[in-house]
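Residue-level listing of the chains:
2 protein chains.
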Amino acid sequence: MKKYFLPESEIPKTWYNLMADLPKPPPPTLHPGTREPIGPDDLAPLFPMALIEQEVSQEPELKIPDQVLEVYQLWRPSPLIRATFLEKALKTPARIYYKYEGVSPAGSHKPNTAVAQAFYNKEAGVKRLATETGAGQWGSSLALAGQYFGLEVKVYMVRVSYDQKPYRRSMMQAWGAQVVPSPSEDTQFGRRILAEDPASRGSLGIAISEAVEDAAGRHDTKYSLGSVLNHVLLHQSIIGLETQKQMALAGDKPDVVIGCVGGGSNFAGLAFPYLRDKINGQAIEFRAIEPSACPTLTRGKYAYDFGDTASLTPLVAMHTLGHDFMPPGIHAGGLRYHGMAPMLSHVVEMGLVDAYAYNQVDVFRAATLFAGTEGIIPAPESAHAIQGAIVAAEEAREAGEEKVILFNLSGHGHFDMAAYDAWFKGDLEDVALPESELAKNLHSLDDLPVI
Amino acid sequence: MKKYFLPESEIPKTWYNLMADLPKPPPPTLHPGTREPIGPDDLAPLFPMALIEQEVSQEPELKIPDQVLEVYQLWRPSPLIRATFLEKALKTPARIYYKYEGVSPAGSHKPNTAVAQAFYNKEAGVKRLATETGAGQWGSSLALAGQYFGLEVKVYMVRVSYDQKPYRRSMMQAWGAQVVPSPSEDTQFGRRILAEDPASRGSLGIAISEAVEDAAGRHDTKYSLGSVLNHVLLHQSIIGLETQKQMALAGDKPDVVIGCVGGGSNFAGLAFPYLRDKINGQAIEFRAIEPSACPTLTRGKYAYDFGDTASLTPLVAMHTLGHDFMPPGIHAGGLRYHGMAPMLSHVVEMGLVDAYAYNQVDVFRAATLFAGTEGIIPAPESAHAIQGAIVAAEEAREAGEEKVILFNLSGHGHFDMAAYDAWFKGDLEDVALPESELAKNLHSLDDLPVI
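Residue numbers (the numbering used here), protein chains in the order written: chain A, 818 to 1268; chain B, 818 to 1268.
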């Protein structure tokens, strides 16, 4: 067990943009009406121009504003930790490292982009942000960020998480945000869903529709998204950039880079700076880990689809389970999204990144082993990455190889103890995905443009 | 906002023992039967000899074993942070620093001593530890520590916290401990209390009695205490020793050192290394902050009293509200103890440390201001120290003085969101202590030896 701390002076001063190094660009995003490639003006109702510019930037490095760095310093640089206690328990010759993003006040990597987004919105004169949240990690991060730049924050929280995780709500309230369960009575779309199904458990797709409708309808309000978009992945690159400095301190280089994927931002944050190395010739394997109950990369289709359920967003080229896909109520709420970051989908399609899906029973077994060895109680989302690392470490043991495994521990599980309770009581089950449900939703993509 | 990280190589290698520098020693601890000063043999049924030796040691510095340092490195050195955002909000000329102990896996300073105690017990061949916990911080810390040294841990958890904080239980379970609500059916004393009052909310005093009875009755089991004792305060000194190195990095020296007090260990951990400086002539003010609902230092009596409700423990010279004192069910469960660490009581009596009591409404107001500025959601216990720091910063503003204020942020509030909920809903009240209750309990000290 060894931590690799960087001094604050070593926080990266620029973000890294993988777009600049891609051998070929991803397919363009299309306007939902015209189905032509969208331009900056199409996004202007939802985002300030500075973020739109980042969304389409081809520059390899973008400067991090000083005001953003000042808030980053609340918790950054985050530690890189060698998991020697876990290695011992696994009897593996592999060296396992994890980057721990749970040290942020909100408990995950999400504030890396929340703070940047709040800053650029404030600069553009925006007064209020609307957003959605699944497990609550994103909503609390944006609430926190809003405090630092004097912005009001309205969070549409997926109903099932709103009920399962009341304390995430209190946390958002502690940081001054307004939180409603989604579907809500506050938007046309929410009212429509509730009219059809008053007991709707909600989904990230529905909550996104509500937040987008809210932002589009008010002049003082913009929309903020916690994953998927290029500018979000850009902001998260600070994870990998810091890790590269810390791995140099450790005198090691990763053979395998692992992260869990919901929308893809924490994985991309760690992996993209290393993907640059791979594109430049280094042999590195990448493993994106998703829940088998929401197998976007492993069983979804690479196609144009909407980011939300109401079909309000642009059409993006991504792996998707269909925008009507309603994932089972698994405990890793942050991974219950039908789509995937287009840039991550693109590099998966190019064969640069491999995808794996694991069941939540295996994932909680991994989480408990990790808590008992490394001490930290992981978020169920992050525990997917742990399970990925354990599988890789076991492979190394079988093969007798001294592999270097690096994964992103994107958050702690302090607000997920109800899930651990269920696990200890034996109430937590394998969640199988009905084949018919999967097929039906994928079928809904047939009417959309082909990539 | 600026963090002062130390590299791991700078973790102190020795603990500091204030006993060596005290101008006069504290009164001896007495055997509950003979009322004569106790010797090591009297404590042997409860503690391993290495801890008993630390309890009575006069050495200024005691070596930290390598195996303890290895586990400390899971989270130590903890950060020292300059609270620039809070300073700005308070418009104070004071510079406010806080040492943040919430970065440990259990979320507080408690593992500093839990790990050491587990190590020495393991060395002595002990198989199992019994302990009590109030808010759950101590129980989860000992559960964590038990994992690293292969010890079974049984936790008697005060009923009111057991009900208010179910997730602390899950956390202990994640780390392999057995947890029962106290009073429990598992001990004679617990059964007696339940027979008298089946709805008893419990108290730390009762839970201590149960754990002591458990340990005294089994050969494979020792008792473990999370505060109060000299060896606990010794282990916590690593907080202040690290802070002194970090303040040197910051180029500042504290004028006021502040901590919350329940049993006194987190306050002592930060303060005692600085108290050495004060004894050696430096002008430093010390403020111990307690809840006005459990005003041990400010309204208790300096007297010989039992540490527990069943009068099983030795008689210690300390500030006490009487061992039958049943504090109101305030949200800072970790501060609901009738007594105080004898060494801390002694330095308060000597006029080296001042005590202040604040109401929980003021404390939660302080907690919310802190969360909104510094980002971290503090434990209600630690928020007492924040309130103390805010008062000191406001005094500095009134006086126009550039004071340097240092406080211990002993833990985060991730498991206390129900209390925040109550605060936001306006359900949280000033808890007044009935005068008659106070007088009655103090009266119970009349039959005990006089200091």
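Misleading hints may appear alongside valid ones.
Repeated chains share a single entry, so a pair holds when one copy, or any two copies, can fit it.
[Claimed, not checked] With a straight-line cut-off of 27 Å between C-alpha atoms, the simulated DSS-like cross-links for lysine-lysine are:
{"hint": "1", "residue 1": "Lys1062", "residue 2": "Lys820"}
{"hint": "2", "residue 1": "Lys1095", "residue 2": "Lys830"}
{"hint": "3", "residue 1": "Lys880", "residue 2": "Lys1062"}
{"hint": "4", "residue 1": "Lys830", "residue 2": "Lys820"}
{"hint": "5", "residue 1": "Lys1062", "residue 2": "Lys1118"}
{"hint": "6", "residue 1": "Lys819", "residue 2": "Lys1062"}
{"hint": "7", "residue 1": "Lys830", "residue 2": "Lys819"}
{"hint": "8", "residue 1": "Lys905", "residue 2": "Lys1118"}
{"hint": "9", "residue 1": "Lys1118", "residue 2": "Lys1220"}
{"hint": "10", "residue 1": "Lys905", "residue 2": "Lys944"}
{"hint": "11", "residue 1": "Lys841", "residue 2": "Lys1118"}
{"hint": "12", "residue 1": "Lys939", "residue 2": "Lys820"}
{"hint": "13", "residue 1": "Lys1118", "residue 2": "Lys1242"}
{"hint": "14", "residue 1": "Lys905", "residue 2": "Lys1220"}
{"hint": "15", "residue 1": "Lys1242", "residue 2": "Lys1095"}
{"hint": "16", "residue 1": "Lys1118", "residue 2": "Lys1070"}
{"hint": "17", "residue 1": "Lys1095", "residue 2": "Lys1257"}
{"hint": "18", "residue 1": "Lys1257", "residue 2": "Lys841"}
{"hint": "19", "residue 1": "Lys1220", "residue 2": "Lys939"}
{"hint": "20", "residue 1": "Lys939", "residue 2": "Lys1070"}
{"hint": "21", "residue 1": "Lys908", "residue 2": "Lys939"}
{"hint": "22", "residue 1": "Lys880", "residue 2": "Lys1242"}
{"hint": "23", "residue 1": "Lys1242", "residue 2": "Lys841"}
{"hint": "24", "residue 1": "Lys908", "residue 2": "Lys880"}
No lab work stands behind these hints: they were computed from the structure. These figures come from a predicted structure and were not determined experimentally.
Evaluated hints:
no.: 1; hint: Lys1062 to Lys820; result: both (13 Å within a copy, 19 Å between copies)
no.: 2; hint: Lys1095 to Lys830; result: within (23 Å within a copy, 42 Å between copies)
no.: 3; hint: Lys880 to Lys1062; result: within (18 Å within a copy, 33 Å between copies)
no.: 4; hint: Lys830 to Lys820; result: both (22 Å within a copy, 17 Å between copies)
no.: 5; hint: Lys1062 to Lys1118; result: neither (36 Å within a copy, 56 Å between copies)
no.: 6; hint: Lys819 to Lys1062; result: both (15 Å within a copy, 20 Å between copies)
no.: 7; hint: Lys830 to Lys819; result: both (26 Å within a copy, 16 Å between copies)
no.: 8; hint: Lys905 to Lys1118; result: neither (39 Å within a copy, 51 Å between copies)
no.: 9; hint: Lys1118 to Lys1220; result: neither (32 Å within a copy, 62 Å between copies)
no.: 10; hint: Lys905 to Lys944; result: between (51 Å within a copy, 22 Å between copies)
no.: 11; hint: Lys841 to Lys1118; result: within (20 Å within a copy, 77 Å between copies)
no.: 12; hint: Lys939 to Lys820; result: between (36 Å within a copy, 26 Å between copies)
no.: 13; hint: Lys1118 to Lys1242; result: neither (36 Å within a copy, 46 Å between copies)
no.: 14; hint: Lys905 to Lys1220; result: within (14 Å within a copy, 48 Å between copies)
no.: 15; hint: Lys1242 to Lys1095; result: neither (44 Å within a copy, 53 Å between copies)
no.: 16; hint: Lys1118 to Lys1070; result: neither (33 Å within a copy, 61 Å between copies)
no.: 17; hint: Lys1095 to Lys1257; result: neither (37 Å within a copy, 75 Å between copies)
no.: 18; hint: Lys1257 to Lys841; result: neither (32 Å within a copy, 81 Å between copies)
no.: 19; hint: Lys1220 to Lys939; result: neither (45 Å within a copy, 34 Å between copies)
no.: 20; hint: Lys939 to Lys1070; result: neither (39 Å within a copy, 37 Å between copies)
no.: 21; hint: Lys908 to Lys939; result: between (51 Å within a copy, 23 Å between copies)
no.: 22; hint: Lys880 to Lys1242; result: neither (49 Å within a copy, 42 Å between copies)
no.: 23; hint: Lys1242 to Lys841; result: neither (50 Å within a copy, 54 Å between copies)
no.: 24; hint: Lys908 to Lys880; result: neither (43 Å within a copy, 31 Å between copies)
Hint violations for this structure: numbers 5, 8, 9, 13, 15, 16, 17, 18, 19, 20, 22, 23, 24, all remaining hints satisfied.
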